[in-house]
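Build out the structure end to end from the sequences listed, making use of the hints.
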Amino acid sequence: MPISDRTAQLRKGVLELAILAVLDREECYSIAIIDRLGEHPALTATPGTVYPLLARLDKAGKVATRWVESAGGPPRKYYRLTDEGRAALAEGTTAWSALSEAMQQLLGKRGEA
Amino acid sequence: MTTSYLRAVGAHLDGLGRADRAQALEALAAQLDELNEAGVDPLEVLGPPERYAAELVEALIGDVAAEEPRFRVFGIPIETRGLLNGGVRSRIFDPENPRIIVPRLLGAGWTLNLGAVAVKLKLIRPDDATSEVFEQVPERAVRIAQFVPAAVAGVAAGVVAVAWRGLPDRVPSSFDLGGRTRGSASKFSLVAGVLMGVLPAVWALRQQDEVEDRLVDAASATMLASVSVSTVAASVLNARNPQGRWGLAVPVMLPAAVAASLSVIVVPLRAGLRRVWRDAEAPASTPSD
Chain A
1 MPISDRTAQL RKGVLELAIL AVLDREECYS IAIIDRLGEH PALTATPGTV
51 YPLLARLDKA GKVATRWVES AGGPPRKYYR LTDEGRAALA EGTTAWSALS
101 EAMQQLLGKR GEA
Chain B
1001 MTTSYLRAVG AHLDGLGRAD RAQALEALAA QLDELNEAGV DPLEVLGPPE
1051 RYAAELVEAL IGDVAAEEPR FRVFGIPIET RGLLNGGVRS RIFDPENPRI
1101 IVPRLLGAGW TLNLGAVAVK LKLIRPDDAT SEVFEQVPER AVRIAQFVPA
1151 AVAGVAAGVV AVAWRGLPDR VPSSFDLGGR TRGSASKFSL VAGVLMGVLP
1201 AVWALRQQDE VEDRLVDAAS ATMLASVSVS TVAASVLNAR NPQGRWGLAV
1251 PVMLPAAVAA SLSVIVVPLR AGLRRVWRDA EAPASTPSD
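Here the protein sequences line up with chains A and B, keeping their order.
Counting from 1, one number per residue, gives the positions in the first sequence under our numbering.
Counting from 1001, one number per residue, gives the positions in the second sequence under our numbering.
To be clear, the hints were calculated from the coordinates, so they are not data collected in a lab.
Glycine is no exception: its CB is placed at the ideal position from the N, C-alpha and C atoms.
The hints are all genuine.
Partial list, derived from the structure: chain A residues whose beta carbon lies under 10 Å from chain B:
| # | residue |
| --- | --- |
| 1 | 29 |
| 2 | 48 |
| 3 | 51 |
| 4 | 72 |
As structure tokens, this is what we get:
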């Protein structure tokens, strides 16, 4: 796999975890998820990136959806975490913490050198 | 706009199963409504429908790692993503994967990982096939590689064309382990044998953005074209000399087919590597101020 593909996959993996974290706080419709991510500049993502990830999480059973009436517009599709999604979030959080700590140490040492 | 965008995406979701397709389109319809409500043009944020459809297909069928087959039946790998998924296609040239035998790109069974073969033969290192190296492969080398399967397929077509008039109505179509004729078919079956090499060769000639995709497709097509040459030649030679053991030509030619397809991808890759190494050395050889 070319390195650029790996970088894209890494970002998608992080965004997937970020979406799970957003949905762990509250049930959201798609644009609201993008807005929540956008509150953190490093996680800003376009609908073109987020929507396929939502489709993937839905297919994998990590999120469930339901239609909710919207005032003054068509019904919205809301996403919420399933038990499987919560388990994936817990696993991802552990992996991310370990990875982040290791990278901090590694990059910190590089800065000191 | 919303409806036409949805319809255009739907027209490019052939790689998905019916249930996945319906689920993805239902979600997209809701998302397009939200964008519409926010006054956002879907073309602006999602890109052209065909590209967005490809993203969706990649996200949904990419759940299964490209190195692994989509399904297994009684342990036999079955793959359906070979034509759509570049990651799956690159399975036949994955130097980082040490397994030489890998699941086929399309259909049931296994195929060779030419990347692992190249590493075992010490032609390249496992981490040589990066996008940086592929980008440095000279365009001329890529184009020559793309023409190799067409040239090999042309040999099969030439053999059939030259021998056609002298062939009996029925020609050998299968051989036993000793290379003798086991079954026969109409001589028009040779045309199918030739097409087995010609069609992938034509497919490999198409223009693609990624050098890696062009070389991987050329290597696959070279393998099929080489097998086509050996089967067609075995049939023609056995038809002319029924006592011969020309069926042995098929297994005997297999190493040559592997060598040919390996060359199609490794020779250009090494040319790219030489350029990368040269560029890396250049600053060191320049005297410092």
